[in-house]
Every structure is written in structure tokens, then in C-alpha cells.
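Spelled out, the chains give:
There are 2 protein chains.
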Amino acid sequence: MSRLRLRNDRLHELLRDGDQRRLRRMLTRLDEVQLASQLDNLTSEDQLHILGLLPVDRRAPVLSHMRYEAAATIIARLAPEQAAALLDDLRPDDVVDILGRVDDQKLGEILARLPQADAEALEELLAYDDDTAGGIMSPRFFATGADSTVAETLTQLQAVELPTHVMYVYVIDPEGKLVGVCSLRQFVQRRPHEHVRDFMQAEVVSVRVDADQEDVADLVSRYDLVAMPVVDAHNVLIGVVEVDDVVDVLREEATEDILQMAGAGHQLSDARSFWPSLRVRWRWLGAAAVGGTVAAYSLSSFDASLAEVPALAFFMPVVAGMGGNVGMQSSTIVVRGLAVGFLEAERVRKLVVREVALGASLGLIYGLLIGLFALWLGAEGADPWRLGTVVSCGCAGSMTLAAIVGTCTPLALDRAGVDPAIATGPFVTTSVDVMGLLFYFWLANILLGAGAG
Amino acid sequence: MSRLRLRNDRLHELLRDGDQRRLRRMLTRLDEVQLASQLDNLTSEDQLHILGLLPVDRRAPVLSHMRYEAAATIIARLAPEQAAALLDDLRPDDVVDILGRVDDQKLGEILARLPQADAEALEELLAYDDDTAGGIMSPRFFATGADSTVAETLTQLQAVELPTHVMYVYVIDPEGKLVGVCSLRQFVQRRPHEHVRDFMQAEVVSVRVDADQEDVADLVSRYDLVAMPVVDAHNVLIGVVEVDDVVDVLREEATEDILQMAGAGHQLSDARSFWPSLRVRWRWLGAAAVGGTVAAYSLSSFDASLAEVPALAFFMPVVAGMGGNVGMQSSTIVVRGLAVGFLEAERVRKLVVREVALGASLGLIYGLLIGLFALWLGAEGADPWRLGTVVSCGCAGSMTLAAIVGTCTPLALDRAGVDPAIATGPFVTTSVDVMGLLFYFWLANILLGAGAG
Chain A
1 MSRLRLRNDR
11 LHELLRDGDQ
21 RRLRRMLTRL
31 DEVQLASQLD
41 NLTSEDQLHI
51 LGLLPVDRRA
61 PVLSHMRYEA
71 AATIIARLAP
81 EQAAALLDDL
91 RPDDVVDILG
101 RVDDQKLGEI
111 LARLPQADAE
121 ALEELLAYDD
131 DTAGGIMSPR
141 FFATGADSTV
151 AETLTQLQAV
161 ELPTHVMYVY
171 VIDPEGKLVG
181 VCSLRQFVQR
191 RPHEHVRDFM
201 QAEVVSVRVD
211 ADQEDVADLV
221 SRYDLVAMPV
231 VDAHNVLIGV
241 VEVDDVVDVL
251 REEATEDILQ
261 MAGAGHQLSD
271 ARSFWPSLRV
281 RWRWLGAAAV
291 GGTVAAYSLS
301 SFDASLAEVP
311 ALAFFMPVVA
321 GMGGNVGMQS
331 STIVVRGLAV
341 GFLEAERVRK
351 LVVREVALGA
361 SLGLIYGLLI
371 GLFALWLGAE
381 GADPWRLGTV
391 VSCGCAGSMT
401 LAAIVGTCTP
411 LALDRAGVDP
421 AIATGPFVTT
431 SVDVMGLLFY
441 FWLANILLGA
451 GAG
Chain B
1 MSRLRLRNDR
11 LHELLRDGDQ
21 RRLRRMLTRL
31 DEVQLASQLD
41 NLTSEDQLHI
51 LGLLPVDRRA
61 PVLSHMRYEA
71 AATIIARLAP
81 EQAAALLDDL
91 RPDDVVDILG
101 RVDDQKLGEI
111 LARLPQADAE
121 ALEELLAYDD
131 DTAGGIMSPR
141 FFATGADSTV
151 AETLTQLQAV
161 ELPTHVMYVY
171 VIDPEGKLVG
181 VCSLRQFVQR
191 RPHEHVRDFM
201 QAEVVSVRVD
211 ADQEDVADLV
221 SRYDLVAMPV
231 VDAHNVLIGV
241 VEVDDVVDVL
251 REEATEDILQ
261 MAGAGHQLSD
271 ARSFWPSLRV
281 RWRWLGAAAV
291 GGTVAAYSLS
301 SFDASLAEVP
311 ALAFFMPVVA
321 GMGGNVGMQS
331 STIVVRGLAV
341 GFLEAERVRK
351 LVVREVALGA
361 SLGLIYGLLI
371 GLFALWLGAE
381 GADPWRLGTV
391 VSCGCAGSMT
401 LAAIVGTCTP
411 LALDRAGVDP
421 AIATGPFVTT
431 SVDVMGLLFY
441 FWLANILLGA
451 GAG
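Chains as they are written, first to last, in our numbering: chain A, 1 to 453; chain B, 1 to 453.
Hints listed in this document are in silico derivations from the structure and should not be mistaken for laboratory results.
Take the hints with a grain of salt, since some may be wrong.
Far from chain B by the CB rule (all over 10 Å, computed), these chain A residues [what the hints assert, rightly or not]:
#1 Asp88
#2 Ala202
#3 Val236
#4 Leu437
Computed Cβ-Cβ distance ranges for the label pairs, DEER-style [said to hold, decoys possible]:
#5 B:Asp130 with A:Lys177: 41 to 49 Å
#6 B:Phe199 with A:Glu175: 32 to 40 Å
#7 B:Ala416 with A:Tyr297: 42 to 50 Å
#8 B:Pro384 with A:His49: 53 to 61 Å
Even for Gly, the Cβ is constructed at its ideal location relative to N, Cα and C.
With the hints as extra help, turn the sequences into a complete structure.
Set out below in C-alpha cells:
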């Protein structure tokens, strides 16, 4: 993994030094994307200051490349007239993503200052759920009739202002229903008198407006599309999801999965401030705390064993830790495999068998090694061989148990319709800890003959 | 998170039941992507069987939508003539991705049976590193000269077979150097006599052929492009990375980050078989085992404390576990933040302060709660109040330490040029365990006055 650094810390430095002349020069040198990426990480005062220094026609493109949250903060701080003027130059799907993050009062003020038709179109888009096809689609597309000729369509194409990324020409019937698709390339390559009907592709992959954005991203990526038509319940074409938004969705969802597995929230932006972070992490740690106290309570029944062989305690972290790691490995494979469609039904049994075999094999290897270490460390104790055996089998058992729990928990959650990325983490880490240690002390009780006293 | 199920388990069932008639009917009903997605999860025998049942013209499209590993397995099992015939219908960048996974002997046999020009072009592409721009680019693009007119370019466009996704017309000078870019849309909308020079965009975002594929994906996603031109060291245009490959890269890299943080490998396909999985996980668990034995060794010096207050042992899992969870949360935020460019230089100090404050606050809250539980559980012991205080402060300290280690480790690794996704996980989990527990026992030694005996 490596990252390209678009950022240039100089903008930040120039702002701090107050060197206006060099600041302006720097602004002319950076393109919109570079500027947006730097603005994203400045305070809102600095963001407004820089935006004010830019020529009016550069402001909208810069805003459109900023993170939506950051753009929304700027929009919320501008006077409604200014905000409306700025937003009027953006693509509607970007405007919706920004305005969806502005509070209702401000939103009303801004919409009131936009041309009425635009405001109504935006309100319609804003009504869709954020993470559905409707929430990420753009209502701008180009459609023609099946009976049009290439020449007629080209004339229509020349008359309209096309979105930058237009790539497909959709074919609709008189009621607006989607009946076919052509690529722009075909209009360049076909003869003028040919009819759209004769070369259009009649089987169009489309999504319903209420489809989950992740499903849209999945389809776009499987079918190698650069835009996905969005239809309503009657198959009427109402918008298009463009691939750049799909790319954003994919990054967002991957981040969400990673963060959720660690109980660190949904979005990185949640991590920006103290209180939201505290709220998010609080719950996850609550699960761990309950697990930990259950472990403490369960272990307390083994106090006789511990009093007799204190060395047992030294190996608790390694028994629990090795199990925890194996559990994480198995559950990560399953959670990610489910998310990207890697695991299909017929593979499940094979997967469970392999993961458990892996856990058990790794458990045997490391159990043996750690057991030998226990033998050495406990050499001066009462019964080093039995200690070694307990530690060895404890590790192996804890790792095998962990592989079972780590593999089956996300599979079961998925079957039950619960998102495995959210619930797997806390359940697996906590239950693996408790189960592994109970097994270890149960073994100790038997093999060391303690606990009887 | 939700997933669209393209799969239909029926194909698998029909194969098992040997119902050839219904199987063939099913094959005509599924499109290429659906077929590919089902084939991906069958055994190679079944894959070859199904592919054989398909009409010849459907085989290549199905193969191109399969996972590269699965497609490579099929290609490797076909006779070289058949493999060459099949591959000849695929996009060169897909062919390269498939052939890159076939062994050298087979590769040579297949290349020898392809048209010489194609074979040479493929060999050139195969020479590029898998995860660079060269490794994912397609050598098919359309370029024109700056002095051409719209009409001339359209004539050229009509004469060539364009790749499906062509979207941009690149502008090159007589030496082949990239000097501009236009969108296909402009050729539809501009007047015939206009010169390319007059409307082309002269500032082209391009990447060098040896650029990391992740950087390419990052640029495509920041600039909202649908294709990225690839140039050599002299700025000569040699290929194009298309957005569908970028989408694949993004999914792949997200998966890699998720798996690596858990020490579960690089790719989900690694998880397909026992031995590769064992090798991958073995190393990570080795780190955990070393950490665990260090912990055991360090803790062994506290045997007097443990013998005196065995209840201390009951709370080891919760002290280590709470720390481990906080460490994971902080390190996940930082690792993912670094990967998607969320953290920029000027934010680092703020981030560290906030994460440590979060760890300490959560530590105080949960430390208090768990301490109260210890007070209750140890009520019959010698000194419940002091036990409660040790557990309470132990948890709080372990969680604060974990936040520091979890935040600073990936930052330091990134500065040192090491991929934080690989090294953070084992280091953080292991060191947090050891440090947290040592702090806990050190506290116990002081407050319980034990260890002196």
C-alpha cells in the first residue's frame, strides 16, 4: 500500500505566515482537485478565506471535489444567496450530497434562493435515502426514442448541454420506460440513417431507485459499467448513477466495514470529534467490559487452582491472546468474504472445515512451543510437566475454539440478516476470551488435581 | 451493508443432479456476468464442463467476468490452442491479468499459438509489475493530432474498432507524447471544421507506467475520471487504465487492508487452500506467541503478588482485553485514515491528543465500573477496596497506554515508510497486552504491598 500525496503543506504554512502574495500565487498553481484536497483539512475560517480569494468560476469546481462534510460546513456558513449561487453551478447529485448534510432551516433558506425548477428537482432527490440509488443518482441523462435515427439523435445531442461524463444514450418508449441502451461511441461510428432500434442493446442492466447503494456498486463493478440507469417502480428512467460516485461508495463501504469490525464507528469523519467518537466506542467497549467481568466471575471459581499454581496466571494472556488472534483471522476472512461475494453457499461447509483445521493445526504447533516455554519457566515449580501440558493443551484448545467461533459467528449473523461486520467483532473477541480461559482452567483443574482443596 | 445475490445455487444443483436438459436451459437464461459469478465457485471440472456447453461466442465474455485466478485455472487446463483461441477475444488487460497467473511453460505454449503481434504486445504488458499502472492498463486507446479537425477525427474514429469503454480522445504530438485530451462528447457536439487544438484540454492528468496501482486508483477517484492515460518516461502515451479496473483495484486494496490488519493474508483467494493460509497466519501468530511468552516471563516476577491475592488473576483478561480493544480502535482509525488520505500532516497532533483523551476517558469510565465489580467480587477477600482500586486504575492505565500505542505505532510506521496495515496489528495487540498487564501488576505490587514477601 502506498499513497500519492496530492497535498502540499505549504498552503497551510502560507496561511499561518499571512503571506498573501505568495498565497495567491500558490492558488493559481494548484488545480481544483489539489485545492479541494488541501481545503478539506483546513479550519472553516481558512476554508472561507481561501474560497474568497479564488476567482468566482473556480469556486464551484473546488467545492465539488471537497469532502461532502467539509463542503456542507462551508455552505452552512455562507449567506443563503452566496450558497445558492455557488451550488447552482454544481452537478445535482453533488448538491444533494452536500445539502443533505446541512440543517433544515439553512436548507430551506438556500432552496428558496435557487431557481424554482432546480429547487424542486433537488427536493425530490433529497427525499431519497442517502445510501440508495436515488441518493447517489444524477437526474441528468440523455435519452432518445427507439425509432430515432442516428442523425436525429446527433442533432438532439448537439442541442443539449450534456453532463461531462455522458457515455451512454438511453432509449425510452413514449411513457419514459427504459427499453434499451447505446454507447455514445455507436453514434460516432454508425451511419446517419440507421435506426436506434437496430443497434441498441435491449437488455439493460438497471436498478430501482430504492436499491441499496452497495448493490448498485456491486452491479457496476461486476458488469464493468461506467454508468447505471436508475428506474422507478414502473421502469421509467429517472436518473443515472455515475461511476465516480460508485467509486466513492466502494471506498466508503470498505472504510465502514474496517471501522465497524474494530468498533471504531462508521465513517472516518465520526472520528473527527471527541463526543461522537466516545459515543460510538463506548458501546463496543461495553460489550468487552461485560465479557471481561463475566470472565472474572467465571475464573473466580478457580481460585484454589490459582493459589496452588500461580504460574497458571502467567499464561492466561497468551492462551487468551492466541485464541483472540485466530478468532480475528477467521472472522475477518468470513466477514470480508461475505461482503465482496467471495463466499457462496456451496462453499460454506468447506470453509468451516478448513478454518477449524487451520485453527487446530496452528493451535497444535504454537501450543507445543508455548508449552515448552512453560516447562522451562515453571521448572522450579511443583510440577513443570503438568503445567506445560495444561498450557500446551490450553493454547491448542483456545485456538481451535476461536476458529470455530470466529468462522461460525459471522455466518450465523449473515443468515439471520444481521450485518456481520457490526456484530462479529465484539462477540468473537469477548466470547473467545471467556471460552478459551475457562477451557484452560478446566484443564488445569483436571490435570493439576487442584481446586479440590 | 447488504449484498445483491447474483448467484443462483440451482446451477450447482443441476450439475450435481446431472440434469443436462435443464442445465442447458438455465445457461441460456443467465447473462455472462451471472454465469461468470457462478462459475467462479465451481470446481475446475464443472467449470470446464459448463464452458464446453456454452456456444463458442459466449465463452470469452464469461471468462472475462470471472475472477482472474479462476479464469487462469481454466486456461491452464485447456489445450494451448483452445486457450489461445479463447484469449484472443478478450481485452488485452484482462488477458494479461489471467496469463500472469499461469505458469511460465504454459504461458509460452499459449503465446506461441497467438498471432505474433498480439503475443508481442502481451509479452510487453506481462513485463510490467502486477500492481502498477502498466500491469492494469490496456494498450488500446484512440489518439489524434492537435491539428486535426473534428471531421477528420470523426472519420478516423469511424475507421477503427474502438474499445467498448472509449470515452476520451487523447491528443498526441508527432512523437507520440501526450499533449491534450478531449471527451468523445466534444466530437459529437463541436462543429466539423473546428481544430482539436482549440477545444482540447491541455492539462492532462496522467500516470507513469510504473506508478503504483493504488495511486492510479486514488487519482481516478479524486479527479472523477473514467479513464487514466498511462505514459512512459518520455511522456509518450502507451496505454489507458479504465475505470472498471480501478474499481477492481479499490476493492482489492480494501480487502488487502482489512485482511492484513487481522494477519489473515493479502487476498481472499489465499484463504482458499490450507497450506497458503497456514503460512500466512503462522507469521502473525508467531508475533503474538512471542508477545505472550514475554508477557508470561514478565508476569512471573509477580508470583508473590499472585500467591497473596489470587483475585488479581481474575481481572487480567479484562485489563488486557479493554486495552486491546481501545488499541484496535485507535490503530484502525489511523491505518484507514492514512490509506484513504484522510489524515494530513497538520492534523496529526490533534489526532493523537484526541485519541489519547478518548482512551483515557473511556478508561476512567470503564475502570470505575469494572473496579466496582472487583470490589463486589472480592468482597470476601482480604482487602476488597485495594483490589478494586488496582483493577480500576489498571483498566484505566491499560486503556490509556493502548490509545497511545495504537495511535502512534501506525503513524511512526508510515513515517518510516513501512505499510502500517501490515505491521500495526501484531505489534499493537501484543505490546498493549504486555504493557497493560505489567502496569496492572506494578500497581498491585505498590498498592497491595505484595511482592515484598
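The hints, checked one at a time:
no., hint, in the structure
1, Asp88, "holds (19 Å)"
2, Ala202, "holds (12 Å)"
3, Val236, "holds (22 Å)"
4, Leu437, "violated (6 Å)"
5, B:Asp130 with A:Lys177: 41 to 49 Å, "holds (44 Å)"
6, B:Phe199 with A:Glu175: 32 to 40 Å, "holds (37 Å)"
7, B:Ala416 with A:Tyr297: 42 to 50 Å, "holds (43 Å)"
8, B:Pro384 with A:His49: 53 to 61 Å, "holds (59 Å)"
In the structure shown, a violation is registered for the earlier hint numbered 4 alone.
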